[in-house]
Amino acid sequence: MSDLIRQFRDFFVSLKLTVVLMALSIVLIFAATLDQVNLGIWAVQQKYFHSLFVLWNVGDIPVPIFPGGYLIGGFLLINLIAAQVYRFKLTAKKSGIWLTHIGFILLLIGELITGLWQEEFALRLDEGETRNYSESYRSNELAITETTDPKFDDVVAIPEKFVARGDPIQQAKLPFRVVPKIYYPNAALAARDASTPGAAPTPASTGIGLQATATPLPLTYKQNERNAPAAYIELAGPEGPIGTWLVSADPRFPPQSFEYAGRTWKIAFRFERSYKPYSLTLLKFSHDRYAGTEIPKNFSSRIRLNSPDGRDDREVLIYMNNPLRYAGLTFYQAGFENDDKTTILQVVRNPSWQLPYISCSLMTLGLIVQFGIHLVAFIARRRTAPSAVA
Amino acid sequence: MKKLIPLLVLLLGVLYLGSTLVGPRASNSFDLAGFGRLPILANGRVKPLDTVARNSLLLFQGRQTVVTPAGLKVSPTEWLLDVYFHSDAADRYRTFEVVHPDLLALLELKAEDGDGKKRFSYLEISKKIPELERQARLAGPVESAVRTPFQKSVMQLYGALVQYQRLKHTLAPPTTEDFLAELLRFQKLLPTGVAAVRAKQAGQPHDEATAKAMIELGQRYLFMSETTNFLAIPPTPEVVDDTAWQTTGQSLLSAFQRGSVDSSVLAYAGLGYAWRQRQPEQFNKLVELYHTQIAKRFASQLAKSDTETRFNAAAPFYSSMSLYVGALLLAIFSWLKWPEILGRSSFYLILLAWLATTAGIATRMWIEGRPPVTNLYSSALFVGWGSVGLCLILETIFKNAIGSVAAGLTGFATLLIAHHLSLTGDTLEMMRAVLDSNFWLATHVVIVTIGYSATFLAGFLAIIYILRGGFTRSLDKASAEALVRMVYGIICFATLFSFVGTVLGGIWADQSWGRFWGWDPKENGALIIVLWNALILHARWGGLIKARGLMALAVFGNVVTSWSWFGTNMLGVGLHSYGFTDSAFMALTMFVASQLALIALAVRPLTKWRSFQSE
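Going down the list, the protein sequences come from chains R and W.
For the first sequence, the working numbering begins at 1 and goes up steadily by one.
For the second sequence, the working numbering begins at 1 and goes up steadily by one.
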C-alpha cells in the first residue's frame, strides 16, 4: 500500500475525525435550531440537514460556509465503516461497540431515506364531507379542469415552479397555451371597484380579476401560516389570447369557469393534491376540554374509510397518540378549525419508518452491553484491590 | 463519643422534618385547616382551597405570606376567607407586587409607600384600573416573547387583578353585607317569584314588584357566574357526571328551575356569615357538616385534597433545600477536618433530604395520577432527585464526600430553580391533549430527565475537581483519580439514558405524529446532549483528552444540558415548547458565562493549580 493511500485511510479511520464530525454536527444542529425562529422548521431542514453545504448569500451569490447534514452524515458513515473494517476486531469485548455502530449506520441511512422520500400532506374534512385526496403543506399547482362531460373531470395540473418560471406552457390535452404573466410567491387579495374612475388598472381581462387585485407580500416562514401565491395567467389559442385570469391559492378564492371551443373549463390555483385510491369521510370531530377550562383534553376524529374495490369499508377513530396507518400512510390528528366542525389530519408517507426502531434497538442494546462490560470490570477491580478505596 | 455525632445529626434532621409535618396550631379558634381542605374545581382539577390561596398569592406577589395593615401575619387560608367573605378588608391587604418604575408611575404609586417597597393593596391600585386595562389591551396582542419589560409587568399585574376578581366572585358577591340573609329571602321568594316572572312573560296579571326583584336577582347571579371560573359547587345528586361542578352563580341560576337553593351554596354563605360575625363555633360546625356532606360522594377527591393540604403545609421541598445546604457545608468541611465524622453526617443529611423529596414527588404523583415529570417545574424536581440519587450511589462506593458535595450543590440548585418556576401558578397542571399519555410520560420523559440529571452531575463533579484542585491543596492523587473515574462513569450513564430517552421520544413522535424525527428545538436539544456525551467518550477513548480535558468537556455538558432544558423553551417555536419562561433568559446567560469561566480555569497549565504541585 502506498503512503498516500495509507494516509488517506488513516484519515478516515481516525477517532479524531469522529470527534471533529461530532463537534461539527453539534454546531450545525444548534445553528439550525436558532434559525428556526427566522425560517420555520421546514426551510431549516432543507437548508441545514438535507444539503451538502449550508449556503450563505453574499449579495446574490450563495457561498458555502459550513458543511451540511448530508456531508457530515456521509463522512460519519465512511468514518464508521472504515473504523469498523480496519480498527475493530469482532470480539466479545467489543460486541457492544459493534452493535452500537451498526445501529448508528442504519440510523444514518434511515435518515437519508427519510430526507429524500418523506412526504407530508394535510387532509381537511368538514363534518360529513368525503375526500379522496390530501393537500400539500407548501406546494401549489395551477389546475385547469375540463368539465364538459358531467360524468368526469379531466385535470391538467401545472406545478407552481413552472408558473414561477413564466415560460409559456403547451400541454397536449389543452387546446390553448398557458402563459403565466405575473407571479407572486405570496400575495394579499383586495377588492377592486371597477366602476370608479380612479380604480387601479388590472392585468386581468376576465373573471374575478376584474373585481379583485393581488399585491405581493413577503414570504412567511411561520409555522401556522402558509404562503398564498397569486398569478395572472393568460390563455392563448391559435387565433390569439382568450383572456387573462387572476388566480390565487388562497382557499377563499374560488375556481373560475369559462367556455372555449364549445367546451367548459375551470381554472384554479390550489394546494397541490395527492389523490388516493380510497376515500375518507369525517363522521364526527370531538374536542374535549377539562371541566371549567379551555385546556384541551383530547381531540378525536371518527372517520369512515372506504375503498372502491370494496375491501375496506369501516369506521376508524383517530385521536392524539393514536394515528391511522393505512396503505403506507400515517394519518394523525394535527388540528381543527371552523368552530370544531373541521378536522385537519396530517398525512405522512415515510417509507423507512421501521429503520429507526431497528437501529435504535441495536444501539440501545450495544450501549447497555458496552457499559455493562465497563461496570463489571470496574467492580471486579475494586473487589481485588480494596486498598485503593481510600 | 465522636461516633455518635453523625447519628445525632441524623436525629436532628429527622426532628426538623417531623416538625414540618405537625404544623402550627391555629392561633385563633377558627378551624382554618378544615376550611382549607374543602375541595373546589379549578383549572380542570379538584383541589383544596388551601392550594388556591397559596397559588394565587404566589402569582400576585411571589410569596405566601400576608401581613394585614395592622401588622398581623395571616395564613393563606385566612387571607382567602377575607377575599371571599370580607373583601373590603382584603382589598386593603398589600398583596400585589408592582416593581417596574413605569408601571408604578402609571398607577401613581411610589415604591417607598409599598410594603417592602413593592407590594400594594387592591384599593391603592383600583383607582387606575381603567388605565391599566387600556395598557393591557395595547400589550395583549403583542406576542409574549417580544413584549417589553413594561408590557410584561402590565400583563402580569392585569392577570393578577383578573384572578383576584374571580376569587372575589367565587362564593358570594363581594358587595353584599349579608349574603346568607339574601339567599334565605331568595329561597322563600322562589315559588311565587318564578310564577310571577312566568306570568309577566305570558302577559298575564302578576305581582310586578316580585317579578322585578326576581329578575334583578337573576341578573346579579348571572354576573357572578360570568365573573369567575372557579367551580366551587359540587354537582347535585341528580347529576351523574362527577366533573359537572358549577360556579356559585351558575348554581343559583339553576335554582330558578329547581325551585331551591343548593345546600352547598347555603353552606358557604353560612360560613361567610360566621366569618364576618366572628363566630368560630358556628364556623367550625359548618365546616365539619359540609365536609361530611361532600364526603358521601367525593371521598377519594377529599382524601386527595386532605393530603394536598398537608403536603402544602409541610412543604417538603423547602425543608429539603435547607438540609441540602447543611449537608453541603458539612461535606466541604470534611475535606479539611474529621473526614470520617463530618462525611458520614453529611451523607445522612443528604439521604434524609432525598427521602423527603422522594416523598414529595410521590405525593404529587399520587395526587395528579401521573408519572413524576409533567411540566418544567416537576422536571426541575426530578432532575435534582435523579442527580442526588446518583450521588448517593457514588458516595456509597467512594466514601470521599465528593458525592455529598455534588448532591448538596445539585439538590439545592434544582430546588431553587423549581421554586422560581412555581411562581406562575398551580404546578399540578392538567396535561394538554398531545401530552396526555401516561405510558410515554413514564418512559420517554422520565428517562430523558434522568439523562439530564446525569449530564449535570458529571458537570458538577468536574466543577468540584476544577475548584478543589485549582484553589486548594486538598485534592490528593487518589481523590483526583476517583473523580476522573466518577465523571467517566456518570458520562457513560448519561449517554445511555439520554440516548434511550431521546429514542423513546422519537418513537412517541412516530406513534402520534407519523414521523420519528422532526428537528424540533426540544428534540435537537436532546440530540445535542447525546452527541456531546458521545463526543466526550470518543475523545477519551482516542486519547485526545486527559483528566483536565475530560473535566473541561464535562463542564460544557452543563451548558449543553441547560440549553436543552431551558434555552429551547425560550425560542418559542416547535411542538415541545411547553414551558416558556421570560426572566429565565438572564439566569441562563449568567450560568453559561460562569461555566465558560470554569472551563477556562480547567485548561490553565498544571503549574497554576495548587494541588498536584508535588508531582
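Worth flagging that the hints you see were computed from the coordinates, not collected in a lab.
Treat the hints with care, as some may be off.
Stretches of chain W that chain R covers, calculated by requiring three or more beta carbons in the stretch to come under 8 Å of a beta carbon on chain R [said to hold, decoys possible]:
no.	stretch
1	213–225
2	229–243
3	301–312
4	481–494
5	519–525
Going by beta-carbon spacing under 8 Å, a handful of chain W positions derived as facing chain R [stated by the list, open to error]:
no.	residue
6	Lys3
7	Phe499
8	Thr568
Backbone N, C-alpha and C define an ideal beta-carbon position, used for all residues, glycine too.
Hint-by-hint comparison with the structure:
Counting residues of the stretch 213–225 of chain W whose beta-carbon sits less than 8 Å from any beta-carbon of chain R gives 0, not enough to reach three: the coverage restraint is violated. Look at the stretch 229–243 of chain W against chain R: 4 of its residues bring a Cβ nearer than 8 Å to a Cβ of that chain, three or more, so the hint holds. Coverage of the stretch 301–312 of chain W by chain R is violated [criterion: at least 3 residues with CB-CB distance below 8 Å; count 0]. Counting residues of the stretch 481–494 of chain W whose C-beta sits closer than 8 Å to any C-beta of chain R gives 4, which meets the bar of three, so the coverage hint holds.
Three residues within the 8 Å Cβ limit are the bar, and the stretch 519–525 of chain W against chain R gives 5, so the coverage statement holds. Evaluation of the Lys3 of chain W hint against chain R yields a violated restraint, the C-beta minimum of about 19 Å exceeding 8 Å. Taking 8 Å as the C-beta contact cut-off toward chain R, the hint placing Phe499 of chain W at the interface holds, the least distance being around 6 Å. Below 8 Å, beta-carbon pairs count as interface contacts, and Thr568 of chain W has one with chain R at about 7 Å; its hint therefore holds.
When each numbered hint is compared with the structure, violations occur for hints 1, 3, 6.
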